[in-house]
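As given, the protein sequences belong to chains A and S, one line each in that order.
Quick note: the first sequence uses this note's numbering, first residue 1, plus one each step.
Quick note: the second sequence uses this note's numbering, first residue 1001, plus one each step.
Hints were generated in silico from the structure; no laboratory data involved.
A quick note: this is a predicted structure, and the numbers were derived from the prediction, not measured.
Beta carbons: idealized from backbone N, C-alpha and C, even for Gly.
The reader is advised that the hints may include incorrect statements.
Claimed, not checked - Footprint (simulated), chain S over chain A, 3 or more residues, beta carbon under 8 Å:
#1 14 to 28
#2 50 to 59
#3 68 to 79
Stated by the list, open to error - Mimicking EDC-like on lysine to aspartate or glutamate, the simulated pairs with C-alpha atoms at most 20 Å apart in a straight line are:
#4 A:Lys8 with S:Asp1075
#5 S:Lys1200 with A:Asp59
#6 A:Lys67 with S:Glu1039
#7 S:Lys1078 with A:Glu57
#8 S:Lys1067 with S:Asp1020
#9 S:Lys1044 with A:Asp70
#10 S:Lys1139 with A:Glu57
Unchecked claim - Pairwise CB distance ranges, derived in the manner of DEER restraints:
#11 S:Val1022 with A:Val69: 19 to 29 Å
#12 S:Arg1082 with A:Ser10: 22 to 32 Å
#13 S:Gln1010 with A:Arg96: 47 to 57 Å
#14 S:Leu1170 with A:Lys17: 46 to 56 Å
#15 A:Ile98 with S:Leu1048: 39 to 49 Å
#16 A:Val88 with S:Lys1086: 24 to 34 Å
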Amino acid sequence: MSNAKLYKGSLTTIILKLLAEGDKMYGYEITQKVKKMTQGELKITEGALYPALHKLEADGLLDVEVKKVDNRLRKYYKLTEKGTKESVNKLEELERFIETIQGIVNPKPSLG
Amino acid sequence: MRTLSAENIQFIQNYLKNSDVVFIDVRLEMTDHVASAIEEKLNKNPELEFYDAFKTYMLQHKKELLKSTSKHRWDLDKKALRIIGKNMFHPLIAGLFFLFLGVFYIVGFPENSFEFLWIPASLISSVYILPLIIYRYLKISFVHHLVLLVHWINYVIVQLFLRANTENELLFNSIIIITFWFNLSAIKTLIESFRYYKTKFKKA
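Bound conformation, chain A alone (with noise of 0.2 Å):
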């Protein structure tokens, strides 16, 4: 993906947004679920993933849920109350971010 530079520093917006929306989820759904909205435009890797979501969770934004699923142990993420008002302002930093981006990319003409 050319763009990933451009995502990168949405990766963890990203992630806040899905939980928000959804009660619970674990790694590999994240990824399908990203690459499923974006029709394929946005592949998470596995290298920037984790770490993101490992991050977010030290940071006590996220809760770790352990479930036996299929013969194997899978680790839920969920938003804890911190993080849930946490990716409110993130949201909202992002559509700022996006708008001014927009301001810049399409100029609204000028009256005078």
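Given the structure of chain A, go ahead and fit chain S onto it with the hints provided.
Just chain S now, kept in the frame of chain A:
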């Protein structure tokens, strides 16, 4: 819908273990990731065999998969410090700390008495030996970072002791008191973490 057998899962786990993924928490998460990806491949192509699907997946993703394990996780050091700091003000730790403070300043330790040597000896042993036992038993990334951090901080404290001016009683006593307080909290954090992760990953 095809799911992987217990033998297939064990194969993935052994492969990751042999690829230096030593921490149980990291390994079980990677195993699930690889297994989920392989199951998807097998369900898309029912004629595909597990070993072929595994080989193809690893050829494409091994580098990315193992990328995160080679990095030092500063977030875990921060987390460990935060919990130790929080535990320093826990009623039990704070209570023991004030008890020690009272004994230290009011009663004082009997000089040249071996009867009381078990107090510092057991504390030092707990801080140095307990983490090693815990880590040997439960290879969890957070426990590993916690153990390393406590050892490094104690190393710095020992260096301070060696360089401290023994004539400056206030400074010397302050180092002893803070060391005692920090280590009490470190032991509590270690035991709590061990219990928490043991329950969480007992099936791994």
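Okay, the hints, checked on the actual structure:
1. 14 to 28: holds (count 3)
2. 50 to 59: The restraint on the region 50 to 59 of chain A holds, since 6 of its residues have a Cβ under 8 Å from chain S and three suffice.
3. 68 to 79: Holds, because 8 residues of the region 68 to 79 of chain A bring their Cβ atoms closer than 8 Å to Cβ atoms of chain S.
4. A:Lys8 with S:Asp1075: Holds, because 18 Å separates the two Cα atoms, which is no more than 20 Å.
5. S:Lys1200 with A:Asp59: holds, 19 Å
6. A:Lys67 with S:Glu1039: holds, 18 Å
7. S:Lys1078 with A:Glu57: holds, 12 Å
8. S:Lys1067 with S:Asp1020: Distance of about 12 Å is within 20 Å: holds.
9. S:Lys1044 with A:Asp70: With Cα atoms ~18 Å apart, lysine 1044 (chain S) and aspartate 70 (chain A) stay inside 20 Å; holds.
10. S:Lys1139 with A:Glu57: Distance of about 18 Å is within 20 Å: holds.
11. S:Val1022 with A:Val69: 19 to 29 Å: holds, 23 Å
12. S:Arg1082 with A:Ser10: 22 to 32 Å: For serine 10 (chain A) against arginine 1082 (chain S), whose Cβ atoms are near 26 Å apart, the range 22 to 32 Å holds.
13. S:Gln1010 with A:Arg96: 47 to 57 Å: holds, 49 Å
14. S:Leu1170 with A:Lys17: 46 to 56 Å: holds, 53 Å
15. A:Ile98 with S:Leu1048: 39 to 49 Å: holds, 41 Å
16. A:Val88 with S:Lys1086: 24 to 34 Å: Holds, at about 26 Å.
In summary, this structure violates none of the numbered hints.
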